[in-house]
Amino acid sequence: MANSYYDPADLRKFGKITEWSEELGTKFFDYYGKVFEEGALSAREKSLIALAVSHVVKCPYCIDAYTKDGLQKGITKEEMMEAVHAGAAIESGATLVHGVQMMNKYNKLSM
Amino acid sequence: MESILPKKKAKKPMQKSLKARDNELAVTNRQLEILDGGIFADGELPYFKDKIAEIGHFPLRPKKLEILQINVGYMCNQVCEHCHVDAGPDRKEIMTRETMKQCLEVIKNTGAHTLDLTGGAPEMNPDFEWFVEEAAKAGIKDFIVRSNLTIIRANKKYHHLPDFFKKHNVHVISSMPHYTRGKTDKQRGDGVFDKSIKALQELNARGYGMPGSDLRLDLVYNPSGAYLPGDQMALEKDFKKALDEDFGIQFHNLFAITNLPIARFLDYLIASENYEDYMYALVEAYNPAAVGNVMCTNTISISWDGWLYDCDFNQMLDLKVASKVKHISEYNEDVLNDRNIIISQHCYGCTAGAGSSCQGTVA
Chain A
2 MANSYYDPAD LRKFGKITEW SEELGTKFFD YYGKVFEEGA LSAREKSLIA LAVSHVVKCP
62 YCIDAYTKDG LQKGITKEEM MEAVHAGAAI ESGATLVHGV QMMNKYNKLS M
Chain B
802 MESILPKKKA KKPMQKSLKA RDNELAVTNR QLEILDGGIF ADGELPYFKD KIAEIGHFPL
862 RPKKLEILQI NVGYMCNQVC EHCHVDAGPD RKEIMTRETM KQCLEVIKNT GAHTLDLTGG
922 APEMNPDFEW FVEEAAKAGI KDFIVRSNLT IIRANKKYHH LPDFFKKHNV HVISSMPHYT
982 RGKTDKQRGD GVFDKSIKAL QELNARGYGM PGSDLRLDLV YNPSGAYLPG DQMALEKDFK
1042 KALDEDFGIQ FHNLFAITNL PIARFLDYLI ASENYEDYMY ALVEAYNPAA VGNVMCTNTI
1102 SISWDGWLYD CDFNQMLDLK VASKVKHISE YNEDVLNDRN IIISQHCYGC TAGAGSSCQG
1162 TVA
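As they're listed, the protein sequences go chains A and B. Following this note's numbering, the numbering of the first sequence begins with 2 at its first residue and continues without gaps. Following this note's numbering, the numbering of the second sequence begins with 802 at its first residue and continues without gaps.
Check before you lean on any hint, since a few could be wrong.
[As the list claims (entries may be wrong)] When the alpha-carbon atoms are kept at most 30 Å apart in a straight line, the in silico DSBU-like pairs for lysine-lysine are as follows:
no.	chain 1	residue 1	chain 2	residue 2
1	B	850	A	17
2	B	1038	A	35
3	A	69	B	1038
4	A	47	B	987
5	B	1121	B	850
6	B	968	A	69
[What the hints assert, rightly or not] Derived coverage of chain A by chain B (criterion: at least 3 residues anywhere in the stretch with Cβ under 8 Å from a Cβ of chain B; other residues may be distant):
no.	stretch
7	40-49
8	74-88
Calculated from the structure, these hints are not laboratory results. Even glycine gets a Cβ: it sits at the ideal position worked out from N, Cα and C.
Could you put the whole structure together from the sequences, leaning on the hints where they help?
The structure is reproduced here in structure tokens:
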């Protein structure tokens, strides 16, 4: 067994999850592939969304995968960093907006 | 007070070729050892031979010959990091007029419809213009010169090239790794982007690349790093939009070409510890539908010294055709077309995704 939870080489083995549950694995990868096809949003736009979400969910595999995917699609590092900031802003905003709950509670408890 | 801004990076000195550096990869056998060994030898990844055998394509055989690709020399004004030719100003291998004459005989009698001149920078061969003039007389349907663009601006003696190309109705195919300056210069050297833009504008001014124009101008994109090219059509759309909006530049098609793991690109992959991941990515992206159309099935590649190869990549690995006819001096199309194509693991580069060739995707 590896002595760390994350091994970059494990990303290559992602497809193997199908071996232990073929039906669900196949359904997942079909769905996944479909999601990232060109649609109302371009594959390029979806790649940037995926990169931002990868950071928010803090998935090292996804960050590796969508940095590479962005390079393949000709996305610049400036665009990638802006996407990461968009994710980070939402995440910090999500924390901060709970400040209103704190304020409400404070006010309710205070005379 | 010390500035808080990061220090400006010093200008990178121009690299030398692997050959000039005496790099071990300048020996083609060493490259083949790497491609046949490691993750392939220990069974982690399948050999290319076994993959194409699964679909009945082994041995790989030529179809009708369509393209004669002639490499007129390895000398180049640039030293691009990914170059599979290991070209550069220090390379002295240049096709002589005598070999060109042998090529002309072949061009006059070939069944191929396309003549494709490449290098190095083909324009740096002192007999380049003579050769183009003579070859144009053969009336071949599509006459391509692979120009790196910057050569046109490199020296006054090349400034007339756009007019020269136009005069002989040459189809210009040029490399452009990205529509932004940073990425282009990182791969190809400082200042390459601005010079390339200027050269493209000059070609446009002569009608090259304009919508509906017969003067063909296509661009070649290949990734500046250890990743595969994305969708060719999507990239073409992005390139067209950006180059038009920013510089008013027009071109016809974009060819997305995969970097093959040989020569300087192989050196880069190994040095940056990306080799295994890259090979995994190539094998994972293997597309059986691309196998039947790989360029070695319709192309003959001729080196500066007249040897014959299945493709430009095999030329750089010094894998001469497996035929009785091995040299331009003894050229015989029928004999040559009855051969098995030599393959190794670099061939995965041409079958990944939508496939890759000097003419872009193949599947």
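Self-check item: Those earlier numbered hints the structure runs against, lowest number first
Solution: Those not satisfied come down to hint 6.
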